[in-house]
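In the order they appear, the protein sequences are chains A, B and C. Per the working numbering, residue 1 is the first one in the first sequence, and the count goes up by one each step. Per the working numbering, residue 1 is the first one in the second sequence, and the count goes up by one each step. Per the working numbering, residue 1 is the first one in the third sequence, and the count goes up by one each step.
Any given hint could turn out to be false.
A few chain B residues that don't get close to chain A, going by computed Cβ distances all over 12 Å [unchecked claim]:
1. T51
2. P96
3. N149
4. E150
5. T151
6. A153
7. I162
8. V166
9. V198
Pairs of lysine-lysine residues, derived as DSSO-like cross-links and limited to a Cα-Cα distance of at most 27 Å, are as follows [claimed, not checked]:
10. K74/A to K46/A
11. K5/A to K62/A
12. K62/A to K46/A
13. K89/A to K47/A
14. K89/A to K66/A
15. K190/B to K40/C
16. K74/A to K47/A
17. K74/A to K89/A
18. K89/A to K62/A
19. K190/B to K5/A
20. K62/A to K74/A
21. K12/B to K126/A
22. K126/A to K5/A
23. K11/B to K40/C
24. K190/B to K137/A
25. K5/A to K11/B
26. K5/A to K66/A
27. K190/B to K42/C
28. K126/A to K137/A
29. K62/A to K47/A
30. K42/C to K12/B
According to the in silico footprint, chain A covers these stretches of chain B (three or more CB under 8 Å from chain A) [to be verified]:
31. 72-82
32. 113-121
33. 167-181
34. 184-196
35. 208-219
It is worth saying that the hints were derived from the structure and are not from the lab. Every value quoted in this text rests on a predicted model; they were computed, and no experiment measured them. Think of the CB as a built atom: it goes at the ideal place given N, C-alpha and C, for glycine as much as any other residue.
Residue-level listing of the chains:
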Amino acid sequence: MNARKRRRIAFVVSLLLGGAAAAVLVVSALQDNVLYFYSPSDVYAKKVSAGTAFRIGGLVQKHSVKHDSGMTMKFVVTDGARSVPVEYKGDVPSLFREGQGVVAIGRLDGAGLFQADQVLAKHDEKYMPPEVVDALKRSGEWQKGQ
Amino acid sequence: MPSLFEFANPKKFMDLSGVLLPWLVAATALTMAAGLLLGFSTPPDYQQGDTVRIMFVHVPAAWVAMMAYGVMTVASIFGLVNRHPLADIAARAAAPIGAVFTALGLITGSLWGRPMWGAWWVWDGRLTSFLLLLLIYLAYIALNDAIENETRAARASAVFAIVGAVNLPIIEFSVQWWTTLHQGESILRKGGPTIAPVFLWPLFLMALGYTFLFFVFWTIRIRSEILNRRARTLLEMRAG
Amino acid sequence: MNDFITQGGFAAYVWPAYGISALALALLGFWIGHEYRQAKAKLAALATLERDAP
């Protein structure tokens, strides 16, 4: 290998390192902004003040979905450790289910209730035909959403 | 001696690719036909219903979009280090193909996201970094076209492609590093895939078909560029 | 057959996903094929020129 080629390789390596360093800088400068949502534990830890718009994500707590009069519904978002009650008026996506992942966009009111403008369902990474799910449930090996 | 080296390889490439291409086309047609057949005979997913079939065109498009960029980066490194014209041609030829697959990944993902998530688009880490991939492809193509001198265009765009490659691990690990709406990794994860075999097979076959298709398109574009450069050399010889 | 068309009520999303994918890849294929035929024709024309006019 001659000196010229060695110099070129050093140049390519410096490009890769430079690109990586720039990316690390940008990402660390963005910090929390790169997170798409906060978990209920994050909400408590950061003491998010009422009225600040953010996204909260977690699982819809089992047996927590309640439909009030009209289109208004209430449910609880939990991450196992902490939970936040959510109020929402409107249609929910077809993946929205108890025990499933959810992301709500809105703000906390003075009473600690999260007023959502929009509710998105988060899909997990499991893909199964219904028969397999039934079989798993029958054999007792099914732990949905936990 | 180096000039002989440079001349011989494009010729070798033309001979070899001419033989391989029909086989590659046949492999593409076979794997895609099998993938489509299996893909439309699966039961619906227990949660996604029939939209699981969108995955069979979404995941392969996203995979090829990233693979094409990887291929472009490797070719760019060879172009910069070895100064081999075939490497320059190969890098340049991959870009528009990669851009189309990236756009398809975005569009099919959007068509899945609307009924499942409840949104066509969200600005989470995965979707944003993947959109950035499309922008990087477009900027690469623009840069390559903007510089008149062939060699200089190849050098400049190779530098750009290598720096832009930092986006690939960001796309891949975005779903682990940050909270995203996009689901986590289903196939290459610890503890094995979380996709039932009935869905994994069509997904695998379609991914293979898309990969073959990329190589078919890429090979033909490299061949076109070699022919174009031969024609240019002939013209220059006449003029000179 | 009907299930195939309706896609469990998701026809409006499943079929466009396949349609757009097929259309985009077909157009890309045509463009790449066109590029190749053009390059071949140009080179062939130049080669004839070269042979006929020394």
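Verification of the supplied hints:
1. Separation of T51/B from chain A is inadequate, the least Cβ-Cβ distance of about 9 Å not exceeding the 12 Å criterion.
2. The Cβ of P96/B lies farther than 12 Å from every Cβ of chain A, with a closest approach of about 23 Å, so its non-interface assignment holds.
3. Non-interface status of N149/B relative to chain A is upheld: no Cβ of that chain comes within 12 Å, the nearest being about 19 Å off.
4. Look at E150/B: its CB is around 18 Å from the nearest CB on chain A, clear of 12 Å, so calling it non-interface holds up.
5. For T151/B, the non-interface assignment is confirmed: its Cβ lies about 14 Å from the closest Cβ of chain A, beyond the 12 Å cut-off.
6. For A153/B, the condition that its CB be more than 12 Å from all CB atoms of chain A holds, with the nearest at approximately 17 Å.
7. The Cβ of I162/B does not lie farther than 12 Å from every Cβ of chain A; its closest approach is about 5 Å, which violates its non-interface assignment.
8. A Cβ of chain A approaches the Cβ of V166/B within 12 Å, the least distance being about 4 Å, so the stated non-interface status is violated.
9. Against the 12 Å criterion, V198/B falls within the reach of chain A, whose nearest CB is about 6 Å from its own CB.
10. Annotation: proposed proximity of K74/A to K46/A holds, straight-line Cα distance about 24 Å (limit 27 Å).
11. Among the hinted pairs, K5/A with K62/A is inconsistent with the structure: their alpha-carbon atoms are about 63 Å apart, more than 27 Å.
12. Restraint check for K62/A and K46/A: satisfied, since their Cα atoms lie roughly 26 Å apart, inside the 27 Å limit.
13. For a cut-off of 27 Å, the pair hint linking K89/A to K47/A stands: about 25 Å separates their Cα positions.
14. Note on K89/A and K66/A: the hinted pairing holds, with a Cα-Cα distance of about 12 Å set against a maximum of 27 Å.
15. For the suggested pair K190/B and K40/C, the alpha carbons sit about 49 Å apart, so the restraint of at most 27 Å is broken.
16. Restraint check: the Cα-Cα separation between K74/A and K47/A comes to about 22 Å, which is no more than 27 Å; the hinted pair holds.
17. In summary, the hint linking K74/A to K89/A is supported, as the alpha carbons are separated by about 9 Å, within the 27 Å threshold.
18. Taking the CA atoms of K89/A and K62/A, the gap is about 20 Å. The hint holds against a cut of 27 Å.
19. Under the criterion of a C-alpha separation no larger than 27 Å, the hint pairing K190/B with K5/A is inconsistent with the structure, at around 40 Å.
20. For the proposed pair K62/A and K74/A, the alpha carbon gap of about 12 Å is at most 27 Å, so the pair holds.
21. Straight-line distance between C-alpha atoms of K12/B and K126/A comes to about 47 Å, which puts the hinted pair past the 27 Å bound.
22. Simply put, K126/A and K5/A have alpha-carbon atoms about 48 Å apart, too far for the 27 Å limit, and the pair is violated.
23. At most 27 Å may separate the alpha-carbon atoms for a hinted pair to count; K11/B and K40/C meet this at roughly 15 Å.
24. Between the alpha carbons of K190/B and K137/A the distance comes to roughly 24 Å, so the proposed pair stays at or under 27 Å and holds.
25. With a C-alpha separation of about 25 Å, the suggested pairing of K5/A with K11/B holds against the 27 Å cut-off.
26. Using a Cα cut-off of 27 Å, the hinted pair K5/A and K66/A is violated, with the two alpha carbons roughly 69 Å apart.
27. A threshold of 27 Å between alpha carbons decides the hint, and for K190/B with K42/C the separation of about 53 Å lies outside it, so the pair is violated.
28. Our distance criterion of 27 Å between C-alpha atoms is met by K126/A and K137/A, whose separation comes to about 15 Å.
29. For the given pair, K62/A sits about 25 Å from K47/A by alpha-carbon distance, which is consistent with the 27 Å threshold.
30. Proposed proximity of K42/C and K12/B is supported: the alpha carbons are some 21 Å apart, at most 27 Å.
31. Against chain A, the segment 72-82 of chain B contributes 4 residues with a C-beta closer than 8 Å to a partner C-beta. That satisfies the three-residue criterion, and the hint holds.
32. By the rule of at least three residues with a Cβ nearer than 8 Å to a Cβ of chain A, the coverage given for the segment 113-121 of chain B holds, with 5 such residues.
33. Counting residues of the segment 167-181 of chain B whose beta-carbon sits less than 8 Å from any beta-carbon of chain A gives 7, enough to reach three: the coverage restraint holds.
34. For the segment 184-196 of chain B, the proposed coverage by chain A is satisfied: 7 residues have a C-beta within less than 8 Å of a C-beta in that chain, meeting the threshold of three.
35. Only residues whose C-beta sits within less than 8 Å of a C-beta in chain A count toward coverage, and the segment 208-219 of chain B has 0 of them, not enough to reach three; the restraint is violated.
Hint compliance for this structure: hints 1, 7, 8, 9, 11, 15, 19, 21, 22, 26, 27, 35 are not met, and every other hint is.
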